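Trainee: If you want the building blocks of each chain, they are given just below.
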Amino acid sequence: MSDRHHREGKLDLVQIRAAAEAGEASRRFWRSLDELAETPEVASALHHEFPRGLPRAALTRRDLLKSMGASAALAGLTACTKLPIEKIVPYVRQPEEFTPGVPLYYATAMPQSGVGIGLLVESHLGRPTKVEGNPGHPGSLGAADIFAQASVLQMYDPDRSQVVKHVGRLGTWEELAADIGNNLDNQRPLQGAGIRLLTGTVTSPTLADQIQAFLAQFPSARWHQYEPVGRDNARAGAKLAFGEYVNTVYRLDRAEVVLSLEADFLGCGPGTVRYARDFTDRRRVVDTRSTMNRLYVVESTPSNTGAMADHRWPMRASEVEGFARAVAAALGVKAGGGAVPPSVPAGAVAALARDLQAHRGASAVMAGDAQPPIVHALAHAMNEALGNAGQTVIHTAPIEANPVDELQSLRELVAAIQAGQVDTLIIIGGNPVYNAPADLSFADELLKVRYRVHLGLYEDETAVLCHWHLPQAHYLEAWGDVRAYDGTVSIIQPLIAPLYNGRSEYEFLALLNGQAGRSGHDLVRDYWRRQLGSGTVGGADFETQWETWLNNGVVDGTALPPKVVSLRASFEPAPAAPDAGGLELIFRPDPTVGDGSYANLGWLQELPKPFTSLTWDNAAYVSVATAERFHLERADFVRLRFQGRELEAPVFIVPGQANDCVTVFLGYGRQRAGRMGTGVGFNAYALRTSANPWFGPGLDLRKTGQKYHLVTLQNDHLINDREGRKVFSEESEAAFARGLVRVATLEQFRSHPDFAADPPEETTDAQSLYPPYDYQHGYQWGMSIDLNACTGCNACVVACYAENNNAVVGKEQVDDGRDMAWIRVDKYFRGGLDNPEMYNQVVLCMMCENAPCEYVCPVGATLHSPEGLNLMVYNRCVGTRYCSNNCPYKVRRFNFYLFSDWDTPSLYPLRNPDVTVRSRGVMEKCTYCVQRIQEAKIRAEVEDRVVKDGEIQTACQQTCPTQAIVFGNINDPNSRVSRLKAQSRQYGLLRDLNTRPRTTYLAKLRNPNPEIQA
Amino acid sequence: MPVGIEPQDLELAPGHNYGTVTDKISDIVLKEGTGKWWKAGFAVAIALLIVFHYGVVLLMTYGVGVWGVNIPVAWGFAITNFVWWIGIGHAGTLISAFLLLMRQRWRTSINRFAEAMTIFAVACAGMFPLLHLGRPWLFYWLFPYPDTMGTWPQFRSPLVWDVFAVSTYLTVSILFWYLGLIPDFGTMRDKAKSRAVKIVYGILSWGWRGSAIHWERYEMAGLLLAGISTPLVVSVHTVVSFDFTIAIVPGWHSTIFPPYFVAGAIYSGFAMVLTLAIPLRRWYHLEDFVTLKHLDNMAKLMLATGMIVTYAYVMETFMAFYSGNPYDRYMMLNRFFGPYAAVFWTLIGCNLIAPQALWFRRVRRSPWLLFVDALIIQTGMWLERFVIIVLSLHRDYLPSAWGMYYPTKVDWEVFLGTIGLFLTLFYLFVRLLPMISMSELRHLVHKTQAEEVKA
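If you're matching them up, the sequences are chains D and P in order.
Positions in the first sequence are counted from 1; adding 196 to them yields our numbering.
Positions in the second sequence are counted from 1; adding 16 to them yields our numbering.
The hints are simulated quantities; they were obtained by calculation from the structure and are not laboratory data.
Computed from a predicted structure; not experimentally measured.
Some clues are possibly wrong.
BS3-like cross-link-like pairs, simulated, lysine-lysine; straight-line CA separation at most 27 Å [stated by the list, open to error]:
# : chain 1 : residue 1 : chain 2 : residue 2
1 : P       : LYS207    : P       : LYS55
2 : P       : LYS207    : P       : LYS40
3 : P       : LYS40     : D       : LYS1007
4 : P       : LYS425    : P       : LYS40
5 : D       : LYS903    : P       : LYS425
6 : D       : LYS435    : D       : LYS530
If you want the footprint, here are the derived chain D segments under chain P, 3+ residues with CB under 8 Å [what the hints assert, rightly or not]:
# : region
7 : 576 to 584
8 : 1079 to 1092
Covered by chain P, according to a simulated footprint, are these stretches of chain D (three or more residues, beta-carbon under 8 Å) [said to hold, decoys possible]:
#  : region
9  : 931 to 942
10 : 1000 to 1013
11 : 1049 to 1063
12 : 1182 to 1190
Glycine residues also receive a C-beta, built at the ideal position from the N, C-alpha and C atoms.
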């Protein structure tokens, strides 16, 4: 029970006793009232007695009096807690490199669905506070994605499982070791025939080695892998094309033309961060001589990749295959002929094929993980036909330690359970009860297993059905290793000792292997020492090597070498199945909470989803035309019936969605995620079957007549024309009318390089009655945001939350317009609603020279620094909110309540100690990460030099995978930001107001194929 | 009585002498006691005041989040109420100061309670800038006081000007009101039977003996304060309008605001005076003193200021389109057709259409019709402030930041609660103080008698 309960009310002991005796608590020992209160019965009794926080709408006079009385009564209960006596002793011997106030950075890597991304983690006094990308890691190049950024919050998550649980009671690791040892010993005579291991995708060499060792002990045991958002299709596609599993790495920095067959390579999946960088590097237009790559995307659901496309054609997921066959045929690949969906303009396929042909060896065809194997195989065939293999498309050996068809693997496990062959099931790090396909009825099958053990970060849906639940150590707490998208191995270095007595999967396997007590450090290190000995990784002595690997965050020379594979001679796709027609159901991992494992992270729940800016929920996406067909309005509650299963979900009308299909997002509807994620949204896994894991026909959609409350950060009001057809969004219309987003084609840019420029009277050249401030001495900070590079991935938003201790406010407050994001990604549409162009625009404080917020503050709490920064002094703010009213960009955020969590102890160390945690009633805003500026300036001053260009990176800039955000000193004409600002595409937002923003934009460019008419 | 002048054209019904006017007014306080109307009204007022306290406790406990304010609409009911209340106050000052300088005799019988209304309205108004702060306990940082940190208010901010304008206004209004009360306190002291009451009124009367030198100084001080107050009629609401015009929000940033706000203030203020005067004269049988001529005059002033306000609306709309400013143009279209269009058109109905009835003499001289019209106009003026604040903010420059504002229960509680505060103070005023200036009425008796003699 959290401390908050103590403070919020007096215990109704009678009620608690009744609840405790009725329920689980009567069957187990308890040490304290607190622990007793952890049982659901008592927790719910407590919850009724003192609800957490008083919901504003429901507050009655009685509630108020009760809560006032309760807070007084409660003080008594708090006083009963006797704090242990603590002795504070200074360092006798100060640890090396350890200076209070000076952060240290450690290289590590985060496994995401088994695939690693290299990171540098900032540590203050031994506690990790901020995650950054590792510039030396091929999958990161210094950038990080939203999941990596939020992972530090996950480590401190107070809802993580904290104790070993045995059948609902407290257990210990020692008891577990004895108990599981007995079970394994019983299996030993059977060679482990009844033992099953279930893991996610494993790329970790050490873990794979341990599992092999385990299987060597129990030769008849089986190892199953399952990832809910896995890459089965890609693996099967490779097998179909080449007859073997291969891993495919795309070199988009070499590609002039890219065709994405629903591959959201800028949005999710392995290598996304690197692909985004490589892709946008080919789009960095400096002047009229610059060239740009060209992206074609076909997809069912609007994605960040689709928004970057020069040509985007929406089509149902099932239609992509026909399109792929048509393109393949046009490229001379045996493809069996396919139907081109009507959304693709006439002649486009031929023009696309010509464009690809014209860039032989410098193009790439990519297939999405949700597309069936045949599409992957066709993509491989096309790449081979175009001579891309070995150029832009590199095949390597698989990065998985043991590549399998994971869905099949899970099916086999369930079949074995049904056949009564499974005696002991050990689940390492997964949550299959929640995310296994619905037709496998995994929860029911699981209960048939005699002995079930679960190791996981949370006491989740699977954990409660297992005899043993073991708290897993987070990757920031444990040693490990992991392979990146190209096979590069990183050693996972812990930043902190496990907060909650958790153990890593390595230590757990060591326990299974009879090496209980061996530390993760020894396990990983010994594995690599052996590798060095066996010559797998070459070079000097191991100690030096090991130190270098830890320091660099990568194990040198472990990127998998290119492998020459050729299309099977017999490759000839079977003729396409006939289009089933009807309404199609499509599954997608949620853009912010992924497969659901990040569901308890407030940063990600509050993060608006691309193009809908939906928060704290998932929804069923339908196109405008489909919505009209079914007479649907936004947030209508519909009943989705798919292959005999039903789900009720709210509808969201999304411009650019393909017609006649409904996309639902996985990762929501969690039952045991924690206080943030439980009960939020709708569980789309309930409709997902192993036959149709990604899409399938025959969806039945019925309106229930009810409405659901969906909350978006940015509104858009679709406007009806005279016939009642929705024609465009009012907000987008206004945005383009006001010149907020400026865009041209590459050709237009070449003939009119100044198309986006603001008139000189609106820029710094403008006349003024007042003498300009003299910034020439010292620094003057500024920022440039390249809209041509921004993919709208939201990493900057999460990075800002992490760096600046921003508060999470919850669905109701977001609905009230009180989110606390200092940086946001605005989205606008242009063109018809069926297939609009989609635009992202990152908006943060413009640091206006003539800042409208400054002169209206009655107490001078927001003011201008001599370096041009528009500063906010929290201590001085009385909260008139006048500054926000007068900010034309609406980038200021106000603490309408005490939004920051001041109560949860585990969140204290998460906070960046360089940034104030804000209190109730004060305004806050983007500061250009002034704490980083100050740090660099102090360092420069100590070293008696000026701050170098690039020395200061704002948090949003540092994590940006495409380097769309550049910050620096605009007094220095040679700084990167000054050179960007000198480009002809530069413009400012609302410069006609004479605010003279310091944050400026580089206009968006598109590079459509002139042969294709929209 | 002069030929051709109907009785209702008089500022004082015939047949009154010094004694009758004094007795009539002082008896309300000293003899009649608390009537059932008073008790019923006071109970309602106290009930609303409790609602106010409830809302404020919630506000202080949890923060301004209990209101519907948000980003982009960071000001909602609180500032609407502030501007509305402070506008209402203006009629009192206009009557007591401006009309005094203009030597308008008809002000005599209404100025006392109109001034009381001013003070109570400003008190209500003054609550809101304080309550709406995120950290209201630090409100004093808006005052220029010497502190050890050497920090001062930021004098470019109109909110600081507001602090000066409103506090000056409150101070001068109280002084002026109290000064006018001094001779009447003397009368009350002299007429009171109970010793305790004599002592209280005696202290309040500051030793008033009615000597010639007292009267001379009293007249001079009154004239001086009237001279000081008169500019305040114009300046206070001008400064309040600066809260908006100084900002760059479309719908706020407009040079027309100062005169438009002043006219609107007087407009709503007279509506409030009428709302109070009509029931008062009926309940306390003051028709002899607050005659139909008074009502007629106030209705005419309402009509005139209402037409100024109408003109301002028309010019605002015209300029939005004529200026070619796309943001202003959108703002105006959004008022006409946007999500709050119903509020806007209700405002037009209340402020533009309803006062047209005042062209008719029969309406102006029918107390109850006038009462209803005054209520409609007050509603309209409140809506006007709501439209200016919320409709301008909710869709300004960046469409991505557009939002909506919905008042919460606490918004309403605090708004209705200040009406309770106002009414409570007003009921106490009516019960404890002479609600019409006896000394000035005696002047009036003297003057009307002189006129009759002349005629």
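Trainee: Take the hints in turn and mark each one as holding or not.
Mentor: Evaluated hints:
{"no.": "1", "hint": "P:LYS207 x P:LYS55", "result": "24 Å, holds"}
{"no.": "2", "hint": "P:LYS207 x P:LYS40", "result": "12 Å, holds"}
{"no.": "3", "hint": "P:LYS40 x D:LYS1007", "result": "63 Å, violated"}
{"no.": "4", "hint": "P:LYS425 x P:LYS40", "result": "44 Å, violated"}
{"no.": "5", "hint": "D:LYS903 x P:LYS425", "result": "23 Å, holds"}
{"no.": "6", "hint": "D:LYS435 x D:LYS530", "result": "17 Å, holds"}
{"no.": "7", "hint": "576 to 584", "result": "violated (count 0)"}
{"no.": "8", "hint": "1079 to 1092", "result": "holds (count 11)"}
{"no.": "9", "hint": "931 to 942", "result": "holds (count 4)"}
{"no.": "10", "hint": "1000 to 1013", "result": "holds (count 3)"}
{"no.": "11", "hint": "1049 to 1063", "result": "holds (count 6)"}
{"no.": "12", "hint": "1182 to 1190", "result": "holds (count 3)"}
Taken one by one, the earlier hints fail for this structure at numbers 3, 4 and 7, listed in ascending order.
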